[in-house]
Structures are given as structure tokens and as C-alpha cells.
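Engineer: Work the whole structure out from these sequences, hints included.
Single-letter residue listing:
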Amino acid sequence: MKDHDPRGIPHTTPRQSATFTQDANSDIRRAAATGIYDIRGGGAKRKVPSFDDLLFLGASISRYPLEGYREKCETKVTLGTRHAKNPMELDIPITIAGMSFGALSGPAKEALGRGANAAGTSTTTGDGGMTPEERGHSSKLVYQYLPSRYGMNPDDLRKADAIEIVVGQGAKPGGGGMLLGQKISDRVAEMRNLPKGIDQRSSCRHPDWTGPDDLEIKILELREITGWKVPIYVKVAGARPYFDTTLAVKAGADVVVLDGMQGGTAATQDVFIEHVGQPTLACIRPAVKALQDLGMHREVQLVISGGIRSGADVAKAMALGADAVAIGTAALIALGDNDPKWEKEYNELGTTAGAYDDWHEGLDPAGITTQDPDLMSRFDPVEGGRRLKNYLKVLTLEAQTIARACGKNHMHNLEPEDLVALTMEAAAMAQVPLAGTDWYPGKPGTSY
Amino acid sequence: MQTFDLEAQGLRELNATLHAQATDTNQTVWDIVNPKGSHAIAVGLDAPIEVNVKGSTGYYCAGMNKQATVHVHGSAGPGVAENMMSGTVIVEGDASQYAGATGHGGTLIIKGNASSRCGISMKGIDIIVHGNIGHMSAFMAQSGNIVVCGDAGDALGDSCYEARFFVRGSVKSLGADCIEKEMRPEHIELLTELLERGGCDAKPEEFKRYGSARQLYNFDVDNAAAY
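Quick mapping for you: the protein sequence lines, in order, are chains L and E. Sequential numbering from 1406 applies to the first sequence in the numbering used here. Sequential numbering from 7 applies to the second sequence in the numbering used here.
I should point out that these hints are in silico values taken from the structure, not numbers from a laboratory. Since this is a predicted model, take the numbers as computed values, not measurements. Even for Gly, the Cβ is constructed at its ideal location relative to N, Cα and C. Hints may contain errors.
Unchecked claim - Listed below are several chain E residues computed to face chain L (Cβ distance under 10 Å; list not exhaustive):
(1) Tyr65
(2) Asn89
(3) Gln103
(4) Ala107
(5) Tyr223
Structural biologist: In C-alpha cells, the structure reads:
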């Protein structure tokens, strides 16, 4: 390109629009070509205030630390102490979030069970029901009770170690799911009692209850069927965390699972994932406040999910008041999802490692989010389980390292006072001081 | 026959007792008195026993039933026989909304009327209603049969899959992708059996059959207005 026109007048630098970005333009071109919105998996990719915007203070003269590797820093957590005869006892405060057989292959579900087992934690079913492999390889299995009720049956309900009533999912608060026909194999179709190859819609709300008063009766029914033995979790999306937590507790939940907008889904509209719901960071304090206002903090446990990647994230969520966290996307990456070793095949699919999110198409080169037998055969569930166990151990060690540095002998002793925020937004959402100050927006007693 | 006073003995005791019912006894018939609209009566049963509820029930009576016969001598609240797997549930009176929701199998017979969303997301259950059914019934119904001796409300069978609906009276409107279908001999045969099972005084020839047009099974942008 010439740097001036024939008359000698210099060109201005070509300038890309901050509004009509390359990403936005590609979305417009795709929509114009197809007439249909973009469907994808995963959680929000946009940058939102997150755990990265928080820092731990560590110990100082006024706080003394615990010796790393020597002094005890307990990680055990018990979920479901409110009503259940047999609460869920976990060795680590990190659980595996619900992901369906159908969205994931059978071997991938097996690997999640193996890894969770080895790390002493629970895994969770998803839409489509419980597979024998999953039950067989998960000593602690949470059975999701979903709006679609695909594969839902009382025998599996009674086999579960806990029941999670799914009201919402962080990636799509108020939305249902879609499992496209490509992934509806004979086995998936049989479990869901639908014809092979059709697109399966998962309902956005439960078919036989609406509102918190009904939910209370639904929880009663589930408890009666399971003899009040297992904990009942209620999973909500990060929409109105204060009120949703309050209502879940009022309805009788033992555990509230709160999933922020970075939490993944197997498939839904991109516009939904990126524009509905709140960041995980913004959800925790309102939920904790709801529990505190009810006098139920630590009595009803709070599990946070959506964008947890490292032990630092685990520790930050717990310092803000969570009892445990759940991971989904991170667990898939630990298994091998989006691994650069499949880069050539990602390129052939028009994407690149780290960005692949068309999980609904069933073409996953890593053999995890697929029902294609050839692709599935690439994935070794024993090796996948080992990798997940390693990852969970690292998360735990990292979180313990931080907790000890803050002088805590139990992960649950971490507290907001251990944190500062790097940005005004994060300070406001987490209600911890902006670094270098003793103030955050909205702090009681201040005029801001 | 054994009698259980629900008001005196409580719900937890009732369901625990029914769940513990020994299979090797001939005392397999239970009368439940004083139900007084209680919720979650006789839920999660899994034995070939007979339970007679002497009065009306609240939410989710006979929920997730397997094998058992539950007979409600009154009306039933929302979600009667929800997610039933097998067995029989009979309601002498009317049933509130979501009757037979997500049911996988067995037979639900309602001698009166059923309210809205009867058979929502049903997955194999047979529902036989002597009276009318309300709006949005059989929404996203996957499989199984609904027989309606009276009329059906708005949006029958919206977004249904392979379930069949037989209606003797009028249908106020059909939901998305639900159409009237030809009543072939095999359907007459099926309906004859269903009417007999439900104790209905009706002839199969008086009914029309409805089901999925199968136009929305795979997403097509040209059908976007129908979704």
C-alpha cells in the first residue's frame, strides 16, 4: 500500500472500529450467510471482573503464617449437614460440576469419576441421566434433577449420594439446552427416550413446579423418596444471587450451588452465554449475605462455580464465603480438551487450540465432547482420570499454600479480610478494599 | 388390608412403611385415611402393592411410582403420578396441573378432568382422562399415549415428539408441530385397549388422533417462526 496518494497527500492509518470489531463483523457475516444464531459450548469469553482482580495480603507482623508442608491446613468439607442423614464428605473443597453423558462421551464421564475418586471428591451427572460407568467409577456421585428429566428414574435417584435440583446454569440463566442430532447416538437416544438423530431441546424450567413454594414441596417429595438420607442441592445461575439463595434456603435446600456466567454449557446460543447473567465474582458476596441474614452461613453450604482455574481461584472463592467450588471447563481441559497437540485438526475445523467451542457438533479431536466412536477411541479414561487427579491435587496444594500464608489452618478460615482488589469494579463486587486503601465502593458508613 | 391414619402417624412414617412393605406377605393392600390434601403421599413406591387413598391429595401423589396401584378416592393436586415408571394410578375426581408429567410408563386414569399441562414431557406413560384436559397439555411429550374422552384446551401437543393423543371432543387449538393424523386400524386397536384399560364408556371410532408433524425435529431457520 502506498503511503500517500498521487497528489502527495499522506494516507491516514487504516483504523479498525472499536465498535465494529473484527469479531463483531465476523458475527454479522456469519448471521447474514446462515440466518441462524451461533450456537457453541463453554462459558462467557468476554473479559469480566474476576478472581484475577483480587490479591491475598498474606501474613505480616499482625498475622503470622503457617509453615508450608509442615503445619496442617485442613481441606475436608462436608456438604449437606442441614437435613441429610448422610451428608457428602469430601477430602477437598473442589467438586466436579454436572456434565451430561451425551454432551460428553462415556469414557470422558468415566475419567471424571476416576479422577474425582482418586482426589476424594464428588462428580455430578447431567442431562441424560446416570450411566453405569459413571456410577461405577464415582464413589461420590451427585445426581442432577433437571428440567428435561431425560433419563430421570427413581432407581438412579436412590443410587445417588446427593441430588442436585438444577434451576439454572451460569452460561444461560433462564435458558434450556440443545443437543444437536449429530451427537444423538443409539445409546444417547435410548437413555433420553427420543428418536436418534433429532435435535434434543432441554427445557428451561421444570415441568411440574414453578416458584419457591412449589420447590419446597418438590424437595419434600425427593426427600421422601430417598428416605431423607442424601443431601439436596439447589443449583442456580448467577442472576439474582441474594434472592435466589434466600429462596433456595427457604425451600429447604441443604446446599446452594451458584454458577456464574463464566460457567460452561454443552451448547447454547452465543448471545446467551455472553449477555445474560453475572460474573462469578459479583455473585458470591450477595449469596453469602443471604445466608448470613438467614443465620444459615455454614449451615447451608455454598458451592461456587464458573471460571475456577487455579488454587488461587479456589482460595479466593472460599475467602469470600464459599464452602467449596465446582469445576467443569477446567476439568475438561485437564482431561485434554483444547490440547495444542490436536492443532492441525482444530485448524481443519476452522479454529485453534484454546478456542475450540463447537462441542455440540460432536467433532472434538480430543475425543471428549463427542459420541463418534473413532474420536472417542483417542481418549483413554484411565490416563484422563490420572490427569484430573493430578490437577485436583495441584489446585488443593495451591489453595493450601495461600491459606497457610494467610495463617489459616483450615481452608474455611480464609476470609474477606485476607483480600484486596486491584480494580474499583472488583472491589465493589467482592466488597474488599481497593489495594492501598481501606475503602470499597458501597462500603457501609461511606458516602460512595 | 392394613389401614394407615396419615393425620395421626405422619407422612414420613407413611412412606417409610410403604417402602418397607415386605414382598413375601399377602397383606399388600393399604387404606390411607385422613389424607387431607397432604403432599407426597405414596411416593417412590416400588412393589406390587395396592394403596387406596381415602380422600383428596396434594402435590405429587404417587410420584415416581413403580409397580404399585395407587387409587385416589378424591381429587389429586399438581403432579399426580409424575415421572411414573410402571403400575397404575387412578384418580376418582379431578387432577390438577402437570398430571403424569414426565411419566415413563404405567397407566394414569383420571375419572374427572385434568388441568393444564397434563402429560407434559411424558416419556412413555399412558394417560386416560374421562373428562377434559387443560391448555398446553402434552407439551414436549416424547412418547406414550393420552386419551381424552372430553375436550382438549389450547395448544395441545406443542413441540411434541412421538407421543400420540386421542381426543373424542373438541381441541381448542393445536400447538406447534402438532397435527391431526390418520386413524389407522392399529390405532383403533390401541385405543380400544386403552379405553378398556381406563374403564371408559366410549367407542374408538369417536376419537381423532393427533401427533407430531415432525417438522421441528431438526432446527431449520425457515421454521424459526414456529419455535
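Engineer: All the hints need checking, so say for each whether the structure fits it.
Structural biologist: Status of the hints after comparison with the structure:
The restraint placing E/Tyr65 at the interface with chain L holds, with a minimum CB-CB distance near 5 Å, inside the 10 Å limit. Checking E/Asn89 against chain L: minimum C-beta separation of about 6 Å stays under 10 Å; hint holds. Hint status for E/Gln103 relative to chain L: holds, with the closest Cβ pair at about 8 Å, below 10 Å. Evaluation of the E/Ala107 hint against chain L yields a held restraint, the C-beta minimum of about 4 Å falling below 10 Å.
The restraint placing E/Tyr223 at the interface with chain L holds, with a minimum CB-CB distance near 4 Å, inside the 10 Å limit.
The structure agrees with every numbered hint stated previously.
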